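Protein chains in written order, with my numbering: chain B, 1 to 115; chain Z, 1 to 110.
Please note that a few of the clues may not be correct.
[Unchecked claim] Some chain B residues close to chain Z (C-beta under 8 Å, calculated; not the full set):
1) Thr32
2) Phe39
3) Gln42
4) Phe67
5) Ile97
6) Gly107
7) Gly109
8) Gln111
9) Val114
[As the list claims (entries may be wrong)] Just a sample of chain B residues kept apart from chain Z, beta carbon distances all over 12 Å, derived:
10) Gln29
11) Thr49
12) Lys55
13) Glu63
14) Lys66
15) Leu68
16) Thr80
17) Ser83
18) Ala96
No lab work stands behind these hints: they were computed from the structure. In this text, all values refer to a predicted model and were calculated from it rather than measured experimentally. Beta carbons are placed, not taken as given, at the ideal position from N, Cα and C, and that holds for glycine.
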Amino acid sequence: GAVVSQHPSWVICKSGTSVKIECRSLDFQATTMFWYRQFPKQSLMLMATSNEGSKATYEQGVEKDKFLINHASLTLSTLTVTSAHPEDSSFYICSAIGREMEKLFFGSGTQLSVL
Amino acid sequence: RKEVEQDPGPFNVPEGATVAFNCTYSNSASQSFFWYRQDCRKEPKLLMSVYSSGNEDGRFTAQLNRASQYISLLIRDSKLSDSATYLCVVAASGTYKYIFGTGTRLKVLA
Chain B
1 GAVVSQHPSW
11 VICKSGTSVK
21 IECRSLDFQA
31 TTMFWYRQFP
41 KQSLMLMATS
51 NEGSKATYEQ
61 GVEKDKFLIN
71 HASLTLSTLT
81 VTSAHPEDSS
91 FYICSAIGRE
101 MEKLFFGSGT
111 QLSVL
Chain Z
1 RKEVEQDPGP
11 FNVPEGATVA
21 FNCTYSNSAS
31 QSFFWYRQDC
41 RKEPKLLMSV
51 YSSGNEDGRF
61 TAQLNRASQY
71 ISLLIRDSKL
81 SDSATYLCVV
91 AASGTYKYIF
101 GTGTRLKVLA
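Full structure from sequences and hints, please.
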């Protein structure tokens, strides 16, 4: 099956720093990538939809200036959490889909802890 | 009301038991339905798609009732390895914008 690689798996950072998370489709061209956030014992919440070469579409309540998404190529999307604060600590997961594919493929997730 | 609702559990069952999870969704335009399994701090993994006619995959059976906007998952002969959180997922027609339920935690006990 298709493979989506997400990096890093976990990151610990100080409050106020920025953190970049990468999501790569390794064996297909991802026309659309999705970014989710999951707090403990809660559901995956869609943050934004990212189409290659265009601006991301953010869900209601997600600050686009805080969560910067770049989908510059068909195999890479990045999520940058700017000026991270402890309340941003969460599990972030990406998923991707390519043309003529029938289902999403998920990255392995990134656990972000902001001190 | 949440778009996709599930009983969070936990469901603690002995090995070999049969357990059923339910899920309701609010958007009648939903066209795609799935059950995913998620282990702690891991990505969700597709367990099975859910079709109107119902479908079975080994010990797992999924049912869809469009009229009641209700989805179910039945697990027979539970194994210890079935312990996980089971996520109900719904998507509207023509979109891969998945809406996840909060998940139902299952713990299979030896």
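Structure-based check of each hint:
| no. | hint | in the structure |
| --- | --- | --- |
| 1 | Thr32 | holds (7 Å) |
| 2 | Phe39 | violated (11 Å) |
| 3 | Gln42 | holds (6 Å) |
| 4 | Phe67 | violated (17 Å) |
| 5 | Ile97 | holds (5 Å) |
| 6 | Gly107 | holds (6 Å) |
| 7 | Gly109 | holds (5 Å) |
| 8 | Gln111 | holds (6 Å) |
| 9 | Val114 | violated (17 Å) |
| 10 | Gln29 | holds (15 Å) |
| 11 | Thr49 | violated (7 Å) |
| 12 | Lys55 | holds (16 Å) |
| 13 | Glu63 | holds (19 Å) |
| 14 | Lys66 | holds (21 Å) |
| 15 | Leu68 | holds (20 Å) |
| 16 | Thr80 | holds (20 Å) |
| 17 | Ser83 | holds (25 Å) |
| 18 | Ala96 | violated (10 Å) |
In terms of the numbered hints stated before, the structure departs from hints 2, 4, 9, 11 and 18, listed from lowest to highest.
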